[in-house]
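**Q** Chains A and B, in that order, are what the protein sequence lines are.
179 is the number that the numbering used here gives to position 179 of the first sequence; each next residue is one higher, with no gaps.
357 is the number that the numbering used here gives to position 149 of the second sequence; each next residue is one higher, with no gaps.
Do not rely on the hints blindly, as some may be mistaken.
As the list claims (entries may be wrong) - Ranges between beta-carbon positions, derived for each pair:
no., chain 1, residue 1, chain 2, residue 2, range
1, B, ARG318, A, LYS142, 44 to 50 Å
2, A, ARG175, B, THR364, 30 to 36 Å
3, A, GLY141, B, ARG379, 52 to 58 Å
4, B, LEU214, A, LEU149, 42 to 48 Å
5, A, VAL163, B, LEU256, 23 to 29 Å
What the hints assert, rightly or not - In silico lysine-lysine, DSSO-like type, Cα no more than 27 Å apart, as pairs:
no., chain 1, residue 1, chain 2, residue 2
6, B, LYS278, A, LYS142
7, A, LYS108, B, LYS272
8, B, LYS272, A, LYS132
9, A, LYS67, A, LYS142
10, B, LYS272, A, LYS67
11, B, LYS278, A, LYS67
12, B, LYS272, A, LYS142
13, A, LYS132, A, LYS142
To be verified - Covered stretches of chain A (in silico footprint by chain B; criterion: 3 or more residues with CB under 8 Å from a CB of chain B, positions within the stretch not fixed):
no., segment
14, 2-11
15, 46-58
16, 90-100
17, 103-113
Derived by calculation from the structure, the hints in this document are not laboratory data.
Note that beta-carbon positions come from the ideal geometry of N, C-alpha and C, so glycine has one too.
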Amino acid sequence: MSVVTAILIGLAMGFVFGFALEKSRVFEPGIIVGQMQMRNFIMLKIFLTAVATGLMVLTVLSLYGVKMHPKPTLAMADLVGGMLLGVGITVAGACPGTVLAQIGAGYKDAWITLVGGLLGAMTFSYAEPALKPVLMSASSGKLTLDGLLGAPFWLVAVPLALVLIVSLLALERWRPWRNELGERADGVTSEALPPTESAPDLAHTVHP
Amino acid sequence: MSTFSLRRAAWSPYVAGVVIGLLQIPAFLLMNTALGASSSYVTVAGTLASLFDPGITRIEYVAKHLEGAKNWWQVALVVGIALGAMISSRLGGTARTGVSRAWGRVASARPSVRFPMAFAGGFLMLMGARIADGCTSGHGISGIAQLSVGSLIAVTAMFTGGILAALLFFRRI
Numbered sequence: 001m002s003v004v005t006a007i008l009i010g011l012a013m014g015f016v017f018g019f020a021l022e023k024s025r026v027f028e029p030g031i032i033v034g035q036m037q038m039r040n041f042i043m044l045k046i047f048l049t050a051v052a053t054g055l056m057v058l059t060v061l062s063l064y065g066v067k068m069h070p071k072p073t074l075a076m077a078d079l080v081g082g083m084l085l086g087v088g089i090t091v092a093g094a095c096p097g098t099v100l101a102q103i104g105a106g107y108k109d110a111w112i113t114l115v116g117g118l119l120g121a122m123t124f125s126y127a128e129p130a131l132k133p134v135l136m137s138a139s140s141g142k143l144t145l146d147g148l149l150g151a152p153f154w155l156v157a158v159p160l161a162l163v164l165i166v167s168l169l170a171l172e173r174w175r176p177w178r179n180e181l182g183e184r185a186d187g188v189t190s191e192a193l194p195p196t197e198s199a200p201d202l203a204h205t206v207h208p
Numbered sequence: 209m210s211t212f213s214l215r216r217a218a219w220s221p222y223v224a225g226v227v228i229g230l231l232q233i234p235a236f237l238l239m240n241t242a243l244g245a246s247s248s249y250v251t252v253a254g255t256l257a258s259l260f261d262p263g264i265t266r267i268e269y270v271a272k273h274l275e276g277a278k279n280w281w282q283v284a285l286v287v288g289i290a291l292g293a294m295i296s297s298r299l300g301g302t303a304r305t306g307v308s309r310a311w312g313r314v315a316s317a318r319p320s321v322r323f324p325m326a327f328a329g330g331f332l333m334l335m336g337a338r339i340a341d342g343c344t345s346g347h348g349i350s351g352i353a354q355l356s357v358g359s360l361i362a363v364t365a366m367f368t369g370g371i372l373a374a375l376l377f378f379r380r381i
């Protein structure tokens, strides 16, 4: 495939991806940080729905013989890298993909997050030859749950997708998504306002 | 207004999740890869760095991120994310300015605090994603959907790190 074709496909797919990220509000720092504070579950809902959909899509594709692309299992790198990634997501209020949606929507600090990300990727690139023997050695191959169980992909993927769907139904019952949006759809809900209503501070009573 | 009108401010997270999950179809069938975002940062950073330091392309890791259609597909994907979000926010009346008001609640919305935080967050995020060889998209959405053991470890670590950072650094609201 030519690079131009690949870029056109990427732009079209990215457009749909960005549209879905914006409409679902998951790119909002208030929703990403809210998830990490375990008070807003919109991120988890989208994430698990996308995983469940992916499991069903890949079940169909696997039955037609389409090749999977699981990443090599590098327990140490996955653990250390995953932790750093998580800390970064909370501090940035973004993921590597959603920061672009923040830029598109107009948040100014997202440009700085992007520059930080590019410098992080550059720093890693220079350090990679030195880090590789430490973090990225001793790969146990591309382990997958179906591979470990010696089962066909669908036999693990379909039940897992069903478990996710049931969990999402329960999650939605517990925390309806409409209550998590906030009136400006940025994940800042009224109970997240400063505690003037729940615990009135008499010394700082506001006179309108 | 219909539930999925382009002019609505918000769609159900379940609809958005299904749309994102369905994007695996063109990713696997047209590009022979899974959805991902963070390796595009290596492609862009490596290209920019090579303008000042041509020697960077001698690093095998960088070289393999600079060649071929798949790398530029992912760069285009993240550019498309910005365009899609821009159009969606204009249609939905949710275009933003400045920084999110959430920052004023959990930390500080002042540029002198928020901008260094954004930079540090971005830096850590990509260092981590590149060490783990994937981010919320590549390990999270795509890796778990492929039942990858490494991705399960990475995503568990990601949420653990994220929750710990929120507990340590932010005000509970």
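**Q** None of the hints should be skipped; say for each whether it holds.
**A** Cross-check of the supplied hints:
{"no.": "1", "hint": "B:ARG318 <-> A:LYS142: 44 to 50 Å", "verdict": "holds (46 Å)"}
{"no.": "2", "hint": "A:ARG175 <-> B:THR364: 30 to 36 Å", "verdict": "violated (21 Å)"}
{"no.": "3", "hint": "A:GLY141 <-> B:ARG379: 52 to 58 Å", "verdict": "violated (44 Å)"}
{"no.": "4", "hint": "B:LEU214 <-> A:LEU149: 42 to 48 Å", "verdict": "holds (43 Å)"}
{"no.": "5", "hint": "A:VAL163 <-> B:LEU256: 23 to 29 Å", "verdict": "violated (43 Å)"}
{"no.": "6", "hint": "B:LYS278 <-> A:LYS142", "verdict": "holds (20 Å)"}
{"no.": "7", "hint": "A:LYS108 <-> B:LYS272", "verdict": "violated (32 Å)"}
{"no.": "8", "hint": "B:LYS272 <-> A:LYS132", "verdict": "holds (15 Å)"}
{"no.": "9", "hint": "A:LYS67 <-> A:LYS142", "verdict": "holds (13 Å)"}
{"no.": "10", "hint": "B:LYS272 <-> A:LYS67", "verdict": "holds (21 Å)"}
{"no.": "11", "hint": "B:LYS278 <-> A:LYS67", "verdict": "holds (16 Å)"}
{"no.": "12", "hint": "B:LYS272 <-> A:LYS142", "verdict": "holds (20 Å)"}
{"no.": "13", "hint": "A:LYS132 <-> A:LYS142", "verdict": "holds (17 Å)"}
{"no.": "14", "hint": "2-11", "verdict": "holds (count 9)"}
{"no.": "15", "hint": "46-58", "verdict": "holds (count 13)"}
{"no.": "16", "hint": "90-100", "verdict": "holds (count 11)"}
{"no.": "17", "hint": "103-113", "verdict": "holds (count 10)"}
The structure is inconsistent with the numbered hints 2, 3, 5, 7, although it conforms to all the rest.
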